[in-house]
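Number of protein chains: 2
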Amino acid sequence: MKRPRPPRTESEATLFAGTRHRMTTQRRQVISALRSARRYLTAQQLHERLRLKRPRIGLATVYRTLEALRELGLVSTSSPRLGEAAYVWCTSEHHHHAICSRCGRVDDVPCKAGRNYERILSRGLGFALQGHQLEFFGICARCS
Amino acid sequence: MKRPRPPRTESEATLFAGTRHRMTTQRRQVISALRSARRYLTAQQLHERLRLKRPRIGLATVYRTLEALRELGLVSTSSPRLGEAAYVWCTSEHHHHAICSRCGRVDDVPCKAGRNYERILSRGLGFALQGHQLEFFGICARCS
DNA sequence: CGAACTATCGAGAATGGTTCTCGATAAGTG
DNA sequence: CACTTATCGAGAACCATTCTCGATAGTTCG
Ligand SMILES: [Zn+2]
Ligand SMILES: [Zn+2]
Ligand SMILES: [Zn+2]
Ligand SMILES: [Zn+2]
Numbered sequence: 001m002k003r004p005r006p007p008r009t010e011s012e013a014t015l016f017a018g019t020r021h022r023m024t025t026q027r028r029q030v031i032s033a034l035r036s037a038r039r040y041l042t043a044q045q046l047h048e049r050l051r052l053k054r055p056r057i058g059l060a061t062v063y064r065t066l067e068a069l070r071e072l073g074l075v076s077t078s079s080p081r082l083g084e085a086a087y088v089w090c091t092s093e094h095h096h097h098a099i100c101s102r103c104g105r106v107d108d109v110p111c112k113a114g115r116n117y118e119r120i121l122s123r124g125l126g127f128a129l130q131g132h133q134l135e136f137f138g139i140c141a142r143c144s
Numbered sequence: 001m002k003r004p005r006p007p008r009t010e011s012e013a014t015l016f017a018g019t020r021h022r023m024t025t026q027r028r029q030v031i032s033a034l035r036s037a038r039r040y041l042t043a044q045q046l047h048e049r050l051r052l053k054r055p056r057i058g059l060a061t062v063y064r065t066l067e068a069l070r071e072l073g074l075v076s077t078s079s080p081r082l083g084e085a086a087y088v089w090c091t092s093e094h095h096h097h098a099i100c101s102r103c104g105r106v107d108d109v110p111c112k113a114g115r116n117y118e119r120i121l122s123r124g125l126g127f128a129l130q131g132h133q134l135e136f137f138g139i140c141a142r143c144s
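Read top to bottom, the protein sequences are chains A and B.
The letter at position 67 of the first sequence is residue 67 when you use this note's numbering, and the numbering goes up by one with no holes.
The letter at position 99 of the second sequence is residue 99 when you use this note's numbering, and the numbering goes up by one with no holes.
Any given hint could be a false lead.
Note that the list lumps identical chains together, so a pair holds whenever it fits in one copy or between two copies.
[Said to hold, decoys possible] Only pairs whose alpha carbons sit at most 20 Å apart, straight line, appear in this in silico SDA-like list of lysine to any residue:
(1) Lys112 / Leu125
(2) Lys112 / Ser122
(3) Lys112 / Gln130
(4) Lys53 / Cys103
(5) Lys112 / Gly131
The hints are simulated quantities; they were obtained by calculation from the structure and are not laboratory data.
Just so it is clear, the structure is predicted and the values come from calculations on it, not from any experiment.
Using the sequences plus the hints, can you model the full thing?
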């Protein structure tokens, strides 16, 4: 019985295409775990989760993979707490994050602002705006 | 010859009023150095600067003072680089930062946005907005 | 397929920013 | 001044992150 092609989520196989990086089993699992978490995770938290299925995976591998993904713009590293970096999966287009204060869930928010501020900054400070970063804090739908 | 009262910058003496913290010479100097820097400084960079005038000041003292100021909302700790926290002097009112990509100067920018997003977030995600943080990157007047 | 090449892996050591400890000192009180 | 308590400086401890290195696995080319 031939089933229709399953609605597979975007494959990871091509994420490193065009770079000298190789797609390995470990990297596939780091990507999958972080992508499905939908929240900021520290390298150590991610390592914990990965060890459940692959006990011998090394912490350094997690750090190395996260750094490679960060260079590609596929993870964002805004660190919500001081002293420990946290990583969240990211589409590569410009967008912002809505972070739930209760459960930590992170949702992407498309960018709509910036226009007003460009003028304010230019007139008030003589500041030539090149980019911005915006984070929202509040309570997500599941938590309220 | 009695001069009119100098236009002294807001005194530091009262910053810890109402808390159990004491105002000491070391803390006065940390505050003064950070306030006049107008840029993000790491604890170690601040320590370097302070040692020019007070060679025996300890790095731990700098960290302790910065932490106390952070609790009071007088410094902000957004960490621009990964792996090392940086601190900038902050008024306690809600505002944002314009950070020069070339020289690192940080200027305060009053908040004007948020209204639009409150509706977008509520309708799109069922997200109850409580707060936000916005940073601008670009080139400041002195650098262009 | 197999050989050759090279990126990546895991484990542990090294690094370095930050915090802690503790006896000495200074600030506040009266 | 006498007393109490917060803060100081110096160095050790802590811990997140990076580095080292021999082993392993992905890739390419026949
Ligand atoms: Zn939530
Ligand atoms: Zn934007
Ligand atoms: Zn500048
Ligand atoms: Zn604002």
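Those earlier numbered hints the structure runs against, lowest number first: Hint 4 contradicted; others consistent.
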